[in-house]
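Sequence lines, in order, name chains A and B. If you're matching positions, the first sequence starts at 1 in the working numbering and goes up one per residue. If you're matching positions, the second sequence starts at 1 in the working numbering and goes up one per residue.
Be a bit skeptical, because a hint or two may be false.
Copies of the same chain look alike in the list, so a pair counts if it fits in one copy or across any two.
[Unchecked claim] Result set (EDC-like, lysine to aspartate or glutamate): computed pairs, CA atoms no more than 20 Å apart in a straight line:
1) Lys-31 <-> Asp-10
2) Lys-194 <-> Asp-54
3) Lys-31 <-> Asp-80
4) Lys-145 <-> Glu-91
5) Lys-31 <-> Asp-45
6) Lys-194 <-> Glu-85
7) Lys-145 <-> Glu-37
8) Lys-194 <-> Glu-170
9) Lys-2 <-> Asp-80
10) Lys-39 <-> Asp-54
11) Lys-31 <-> Glu-134
12) Lys-145 <-> Glu-134
13) Lys-31 <-> Glu-193
14) Lys-31 <-> Asp-54
15) Lys-2 <-> Asp-59
16) Lys-2 <-> Glu-79
17) Lys-2 <-> Glu-64
18) Lys-31 <-> Glu-138
19) Lys-194 <-> Asp-59
20) Lys-39 <-> Glu-134
In case anyone wonders, no lab produced these hints; they're calculated from the structure. Predicted model only: the values in this text are computed from it and were never measured.
Next come the chains, spelled out residue by residue.
Protein chains: 2
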Amino acid sequence: MKDIAILIYDRLTALDAVGPYEVLSRLPGWKVTFVGETKGEKRTDTGRLGLTADATLADLPHPEIVLVPGGSGQEALMEDGPVHEWLRGAEESSQWTCSVCTGSLILAAAGVIGGRRATSHWTALEELGRLGAEARPERVVFDGKLVSAAGVSAGIDMGLALAGRLAGPEVAQAIQLGIEYDPQPPFDGGSPEKAPAEIVEAVRAHARL
Amino acid sequence: MKDIAILIYDRLTALDAVGPYEVLSRLPGWKVTFVGETKGEKRTDTGRLGLTADATLADLPHPEIVLVPGGSGQEALMEDGPVHEWLRGAEESSQWTCSVCTGSLILAAAGVIGGRRATSHWTALEELGRLGAEARPERVVFDGKLVSAAGVSAGIDMGLALAGRLAGPEVAQAIQLGIEYDPQPPFDGGSPEKAPAEIVEAVRAHARL
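Chain A extracted, bound-state conformation:
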């Protein structure tokens, strides 16, 4: 079994991690493990849910796939330290290095992205650019083995795109049908280009808090 390590930490956004997990955990021959600086429960950004890290960074130094979700806890992971060291070590040998939402800011701060093309939550694209990446306002961005998704729910689309690369389109389609991913959002406003300007400004102001 090849390893997919999803990094979790306190104040992550749950769906950033659980969206791709739900897709990638269904891939034959691959095993998803939630890893943390320490084992045990990590609380999400709302404080209302705990997810368990089953392994430490040291337990999985060289997963074939490393995936970094975002969330408000990202801000505490922008300084060099054990997580950055682990990400740099994992990047040396990974087949794919992935992020969802502001997880790309952590990858960039760790020196893993360099000048490659990447995306992030739409409110974080400027910061991603300041960190040296070529920031792209796209839902899923592939640049070599670096794969990044836009905000929160985009990790599902990234997971399916990656599943297609790893196991072929038939397997990816079966997973998509298995999780009945035939989205019918009630509003056509899930991106800043489509949402009404006053809603964009309200969300942007809130994100700055």
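Since the structure of chain A is already known, use the hints to place chain B on it.
Only chain B this time, still in chain A's reference frame:
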């Protein structure tokens, strides 16, 4: 704060619960709590993730919203017992009673759905009908205060639809933009009507195991 209780149990499908959680936990004035028959970690259907139940059923007998996710562990919750008793008690006073995926089978088995219109994962609609519900192959079904979603990822759409009812369309749109829910699935095959026949049969055969 009004209470949203999300029931979790061993072998649930994580995204069934985390999709609506990610939406509803952002609603002003509402508080999401993950509840279980016992407190502590519940392992998901893949065995690869633990979610924490912070409260027991007895801690939250009358939440304003009760939400039941699905997953292979649903089969162990079809007999009468503490979960069914709790669901019947919660239904007496709830403002909304909700399910995602095969969570509707648990609600139906507990006697909560009766003959109302409801949906479930597409592979479970026949069983839902046998349990007395008017099973509908739709993504989100409202019947009075009963709200049900189709398989796994449909809980996100349900959460946003419910957010619109609870807090108005502006708040729901802001949440949708906050989680950047502008889905771009790589395949147009997330429902059995749209997917190729051989993929539908492969997924159906797997679901029967």
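Against the structure, the hints:
no., hint, result
1, Lys-31 <-> Asp-10, "between (23 Å within a copy, 19 Å between copies)"
2, Lys-194 <-> Asp-54, "neither (39 Å within a copy, 38 Å between copies)"
3, Lys-31 <-> Asp-80, "neither (28 Å within a copy, 35 Å between copies)"
4, Lys-145 <-> Glu-91, "within (9 Å within a copy, 49 Å between copies)"
5, Lys-31 <-> Asp-45, "between (26 Å within a copy, 13 Å between copies)"
6, Lys-194 <-> Glu-85, "neither (39 Å within a copy, 45 Å between copies)"
7, Lys-145 <-> Glu-37, "neither (24 Å within a copy, 43 Å between copies)"
8, Lys-194 <-> Glu-170, "between (31 Å within a copy, 14 Å between copies)"
9, Lys-2 <-> Asp-80, "neither (28 Å within a copy, 41 Å between copies)"
10, Lys-39 <-> Asp-54, "both (6 Å within a copy, 18 Å between copies)"
11, Lys-31 <-> Glu-134, "neither (31 Å within a copy, 38 Å between copies)"
12, Lys-145 <-> Glu-134, "within (15 Å within a copy, 48 Å between copies)"
13, Lys-31 <-> Glu-193, "neither (37 Å within a copy, 31 Å between copies)"
14, Lys-31 <-> Asp-54, "within (13 Å within a copy, 27 Å between copies)"
15, Lys-2 <-> Asp-59, "within (14 Å within a copy, 41 Å between copies)"
16, Lys-2 <-> Glu-79, "neither (30 Å within a copy, 38 Å between copies)"
17, Lys-2 <-> Glu-64, "within (6 Å within a copy, 44 Å between copies)"
18, Lys-31 <-> Glu-138, "neither (28 Å within a copy, 32 Å between copies)"
19, Lys-194 <-> Asp-59, "neither (43 Å within a copy, 42 Å between copies)"
20, Lys-39 <-> Glu-134, "neither (34 Å within a copy, 45 Å between copies)"
This entry does not satisfy hints 2, 3, 6, 7, 9, 11, 13, 16, 18, 19, 20, going by the numbered hints stated previously.
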